[in-house]
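K.L.:
Listed below are the residues making up each chain.
2 protein chains.
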Amino acid sequence: MDTIKKVDILRIKGEEFKGEEDVVILEYPFTIFVNDEEIITLLCSPNSLKELMVGFLFSEEFISSLSDIDRIRLDEDKGIGYIYLKNINQFNEKLRGKRTITSGCGKGTLFYNVLDSFKSKRIKEPLSIEVENIKRLISKFNKKSELFLNTGGVHSCALCSANDIILFEEDIGRHNALDKIFGKALLEGIDTKDKIILTSGRISSEILIKSAKRQVPVIVSRSAPTSLSIELAEELGITLIGFARGQKMNIYTNFPSLIF
Amino acid sequence: MDTIKKVDILRIKGEEFKGEEDVVILEYPFTIFVNDEEIITLLCSPNSLKELMVGFLFSEEFISSLSDIDRIRLDEDKGIGYIYLKNINQFNEKLRGKRTITSGCGKGTLFYNVLDSFKSKRIKEPLSIEVENIKRLISKFNKKSELFLNTGGVHSCALCSANDIILFEEDIGRHNALDKIFGKALLEGIDTKDKIILTSGRISSEILIKSAKRQVPVIVSRSAPTSLSIELAEELGITLIGFARGQKMNIYTNFPSLIF
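Chain order of the listed sequences is A and B. So for the first sequence, my numbering puts the first residue at 1213; every next one is plus one. So for the second sequence, my numbering puts the first residue at 1213; every next one is plus one.
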């Protein structure tokens, strides 16, 4: 199965902009069933799925050797892996509190909300924004990301108006940094519906959904978006911008919201 | 609380090497209790913890507004946040399957194994390795990371002997890529005890623990390690190398295992 997907983007370089075809990394929900019991949905790249399933169960100590495995079946179209283990009691203990969803960059149980979010979370107040403002925000954002420069180990996230950074947070986890922003906005009574999220980290479906829940109309990242985050942004009417660096950026969705 | 930590490293540039003090990003386990019920342990940066707790519970729909919160108490020394909500029934549903542990780059329920791993997972077969071999492996590793070059959105991971790459996997998630490696190794009967793990991603405590469970004696990353991964590596006798790029690398633990 392909691990990348072709998408149409609007590429901006300084004053120039043109429509292009680009490739993004595929984000694939893969649900693992152990002896017909649903254990977890991993958000992953759809290659080496058998290895991923076995490796995950090995890491999480569902299995301790190859001989614990009876048989394995993959349904790649549905995104499901079935594994049958010989010793049921051994892993039954593990099932409790185990039903999480993660890309290895994820928070638990988030993905089940995706379908709801399709229906209920569409952006109600679209925001038009000038490309020049985004460039200015990015340059302010980069200046603030000092901890990142010091250690190379942390993600930055900011909530911005069209003209300035209002909230800024850092964390080793992309999701934590975003949760800190939304937590602070809630505590301080700051409306997020007319704001812009800037992040240093990759935009996965989970980041997209967290922002959509807060009705943030524009998300800008220094890094890459996944295929699933682009599909969700399209569906929810969110303007998704990636690889925003200096005078360059790629617009993935909602092109008409940009003002040149 | 500090979000960075000073550590002694061995910095290698080409033929030169010298001991230096460096700063690494602090990885802080923060456990959230809702109405005295333990919900989750986040692996995070220890700043804006109140905001993180509120934002996480907002994102996960434990709360829908500020008025749902009765009171909040932080115990920063213990790494615990207590939040009391007015409406208990509202979030009780959420508690099921909710007990996961994540850095926003994590897999569920992994962290509870840390203390065990301190006792049981110490590397039994230390591996000495030549710095020149690591440089060669890194350059082979970079050449293989094509998907990353195409899309900028994927992590690479490899299992290596001293001289060559044996297994290579890619995934949008650092943890998935590593699980694919260990899954393939198990399926193909490849011993991991005398091998080296190469990864493009940051080394968090969770990556370190996954590798320690497989008794991998040397872990090399193109990116940064966290404070907790360094402490674990020290404790477990694992050689931890970060920022391995071209002729440069930082050695964080187990210096004597390197041959110049």
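Please note: incorrect hints may appear among the correct ones.
Since the list gives no way to pick one copy over another, a pair counts as held whenever it fits inside one copy or between any two copies.
Said to hold, decoys possible - Below, in silico cross-link-like pairs of lysine to any residue (SDA-like), each with a Cα-Cα straight-line distance of 20 Å or less:
#: 1; residue 1: Lys1217; residue 2: Glu1227
#: 2; residue 1: Lys1218; residue 2: Glu1273
#: 3; residue 1: Lys1352; residue 2: Asp1248
#: 4; residue 1: Lys1217; residue 2: Asn1354
#: 5; residue 1: Lys1298; residue 2: Lys1355
#: 6; residue 1: Lys1262; residue 2: Ile1378
#: 7; residue 1: Lys1217; residue 2: Ser1357
#: 8; residue 1: Lys1290; residue 2: Gly1231
#: 9; residue 1: Lys1262; residue 2: Asp1403
#: 10; residue 1: Lys1425; residue 2: Leu1278
#: 11; residue 1: Lys1218; residue 2: Val1235
#: 12; residue 1: Lys1298; residue 2: Leu1286
#: 13; residue 1: Lys1262; residue 2: Leu1398
#: 14; residue 1: Lys1230; residue 2: Asp1248
#: 15; residue 1: Lys1352; residue 2: Arg1283
#: 16; residue 1: Lys1425; residue 2: Ile1281
#: 17; residue 1: Lys1262; residue 2: Leu1399
#: 18; residue 1: Lys1425; residue 2: Ser1279
#: 19; residue 1: Lys1405; residue 2: Ser1276
#: 20; residue 1: Lys1218; residue 2: Phe1380
#: 21; residue 1: Lys1405; residue 2: Asn1299
#: 22; residue 1: Lys1347; residue 2: Gly1226
#: 23; residue 1: Lys1225; residue 2: Leu1286
#: 24; residue 1: Lys1230; residue 2: Lys1347
#: 25; residue 1: Lys1262; residue 2: Ile1402
If you're looking for bench data, these hints aren't it; they were derived computationally from the structure.
K.L.:
How do lysine 1262 and leucine 1398 come out at 20 Å by Cα distance, when the copy is not named: within, between, both, or neither?
P.N.:
Answer is between: at 11 Å across copies they meet the 20 Å cutoff, but 42 Å inside does not.
K.L.:
When no copy is specified for lysine 1230 and aspartate 1248, does a C-alpha distance of 20 Å or less occur within a copy, between copies, both, or neither?
P.N.:
This pair counts as neither: shortest intra-copy Cα distance 49 Å, inter-copy 55 Å.
K.L.:
Is the C-alpha distance from lysine 1262 to isoleucine 1402 at most 20 Å within one copy, between copies, in both cases, or in neither?
P.N.:
So lysine 1262 and isoleucine 1402 pass the 20 Å test across copies only (16 Å; inside, 46 Å).
K.L.:
Is it within, between, both, or neither for lysine 1352 and arginine 1283, if the alpha carbons may be no more than 20 Å apart?
P.N.:
So lysine 1352 and arginine 1283 fail the 20 Å test inside a copy (54 Å) and across (35 Å) alike.
K.L.:
Can you give me the call for lysine 1425 and leucine 1278, within, between, both or neither, at a CA distance of at most 20 Å?
P.N.:
between (42 Å within a copy, 15 Å between copies)
K.L.:
Checking an output row: lysine 1405 and asparagine 1299, CA cutoff 20 Å. Within, between, both or neither?
P.N.:
neither (51 Å within a copy, 26 Å between copies)
K.L.:
From the Cα coordinates, with 20 Å as the cut-off, is the pair lysine 1218 and valine 1235 best called within, between, both, or neither?
P.N.:
Only inside one copy: lysine 1218 and valine 1235 sit 4 Å apart there, 40 Å across copies, limit 20 Å.
K.L.:
Pop the pair lysine 1425 and isoleucine 1281 into one bin, within, between, both or neither, using alpha-carbon distances up to 20 Å.
P.N.:
between (40 Å within a copy, 19 Å between copies)
K.L.:
Within, between, both or neither: how does the pair lysine 1262, leucine 1399 come out at a Cα-Cα threshold of 20 Å?
P.N.:
between (44 Å within a copy, 9 Å between copies)
K.L.:
Should lysine 1217 paired with asparagine 1354 be assigned to within, between, both, or neither, using CA atoms and 20 Å as the limit?
P.N.:
neither (29 Å within a copy, 22 Å between copies)
K.L.:
How would you label the pair lysine 1425, serine 1279 (within, between, both, or neither) given a Cα cut-off of 20 Å?
P.N.:
between (44 Å within a copy, 18 Å between copies)
K.L.:
Indicate which option fits the pair lysine 1298, lysine 1355 if close means a Cα-Cα distance not exceeding 20 Å: within, between, both or neither.
P.N.:
Close neither inside one copy (56 Å) nor across copies (41 Å); limit 20 Å.
Consistency with the previously given hints fails for numbers 1, 2, 3, 4, 5, 8, 14, 15, 20, 21, 23, ordered from lowest to highest.
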